[in-house]
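Participant: These are the residues of each chain, in order.
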Amino acid sequence: MLESKELTKVFGSKTAVDHVSVKLEKGHVYAMLGPNGSGKTTWMKMAAGLIKPSSGQVLFQGEPVSLNSRKHVAYMSTEPYFYSWMTIKDVGAYYADFFEDYSPRRYQALLQRMELTEGMKVKTLSSGMMAKLKIAVTMSRDALVYMLDEPFNGVDLLARDEIRASILQYATEDKLLLLSSHLVEEMEMVADRALYIKEGRLVECVDLETMRSERGVSMADRYRQIYGHTEG
Amino acid sequence: MQFDPMRPIWLQVMGEIETDIVTGVRGPGEKLPGGRELAVSYGINPNTAARVYQELEKAGLCETRRGMGTFVTGNAERIAALREELARKAVNDFLKKVGSLGVSREDAARMILEEEE
Amino acid sequence: MLKLMKYEFRKTWFTKAILLAITALAEIVYLIGLYGDREGLLATGVFLLMLLAVGGLLVIGLGSVVTLHRDMNTKQSYMLFMTPNSCYSILGAKVLECGISILITGAVFFALGALDITLLFARNGELKALWDWVRELLSSITINGRSFLGDIRLQSLLSVSFSLLAGWLLTVTTIYLAVVISSALLNGKRFSGLISFVLFLILSWGCARLANLISGSIGDYFMLMLVNGLICLVFSAVMYFVTAQIMEKRLSV
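Protein chains in written order, with numbering that gives the first Met the number 0: chain A, 0 to 231; chain B, 0 to 116; chain C, 0 to 252.
Derived by calculation from the structure, the hints in this document are not laboratory data.
Subject to a maximum C-alpha distance of 27 Å in a straight line, what follows is the list of computed DSSO-like cross-link-like pairs (lysine-lysine): (1) C:K248 x C:K74; (2) A:K51 x C:K188; (3) A:K51 x C:K248; (4) B:K57 x A:K25; (5) A:K13 x A:K51.
A partial selection of chain A residues facing chain B, derived with a Cβ cut-off under 8 Å: (6) V28; (7) R163; (8) Q168; (9) E187; (10) M188; (11) A190; (12) D191; (13) E208; (14) S212; (15) G215; (16) V216; (17) S217; (18) A219; (19) D220.
Only a predicted model underlies this, so the values are computations on that prediction, with no experimental measurement involved.
We put the beta carbon where it would ideally sit given N, CA and C, even for glycine.
Please model the complete structure; the sequences and the hints are all you need to start from.
Facilitator: Here is the structure:
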């Protein structure tokens, strides 16, 4: 459903994403793992069409990402990006104006779950509330692909539970979810596949339950193997 | 709940539900939550949740009725067999543990009876 | 497109509201001066209104440039560029919103000026007589048997205003191009700001030369201004297309 071919992005002298080829299939929740600066965000932004690749390409349903793919790909960035004059209600209205797959009903339900009210001003939200708002409005779209960059960042334990539940609720067989995080434990149960990215390169893409039953290795164990300092 | 991330998650959730069936928390013929509901309530991946029901069905512990959902089996014999299975597994674990402490099976059995009040 | 324009207006309305409020205040000062026979206030009102007309257009145009810059270089950029809108629509909404704002602002100040002068003449007959004399004098100045400025009529005033407004729109769209080149092509490079400023100067000079070549031979002042204004609009459209093309192909936010 979403595929990158030899995808590369160079910023000045730094190669952020280095010839990454990977095929992501619908019906799965992928965890994109790697330390900060390993290229997760850049890969996602290229898949969202926000950053133009230096070389290689990203295909959505076999076609290069374009205006059409933006209709079906819901991207959530780590940083807050709403206009500062907006209220939570305005944010929903904005999505309603530009995304055909946006559902106001779903937004209402998610806001309620997240304990947010429409009158709140975006400017005054705490980082935890902002994280919840971003999830609420992104998951209000009935998109085919959801790419959530660091959905659990800066969020307390209870809010994490709400965010996790909201994500799982809409992860149906015809959807593809890609979540990036450096909080590996948080992703362990939610994802069924993991992409390990190291210094811009794809190390491997594994099925987690297969890895657990065949090797007795958890997602976090594998993370330590790949990124940990080799000691003896 | 807390899972052991080194063991397959479906196996652990399945174990939870098996315990629920034996203890009667989920009675015979009772409707089980849908796959998605299960995923949300345990905080696990939906594919993992689906796997749990597949395996439970394979083990004859629940049945899926088209358009109605998944139900705990009404077969009392099967549930009794499950109780036996789980108990034996617990006994095995126990014996492994005391065995590693160098205690014989006979001594272990005596200790169990002494514990009884 | 209309939806995009709605949000462009939403981003800039506060400045416009403030401009409107200050203008209303200046007009009140002028009217008090006029009807209260207080020449000091009258002069202050005239000065303020003229300042506001020029400053207002400046603020609206440059405000639009600042918004574009912010929409490409801050996190706010995701708001626009993750929507299924092409760069042509996104930039088009900005150009149109800015162009319409400039036009409306120009029209408002033009009408206000006309009204204030009419009121002034009605109140003060001597000034009217003076004005008529100046007008006659100007139209009697001829070069090669043709009137230099022509009769100062509404028609020529309108064409001059149109030409000025269109020229300002061209300046704004030229700055757009420079800003986009700086963000999309020279991003992260040294002196990108300076390079785009120099580029802006060159482009402006080129446009002026080209416009002169086309309209330089037109003798009639009214026609000259009208054609100049139209040329500026065409050039603005060209700037828009080139800018949108660069955004579409090269911009990473």
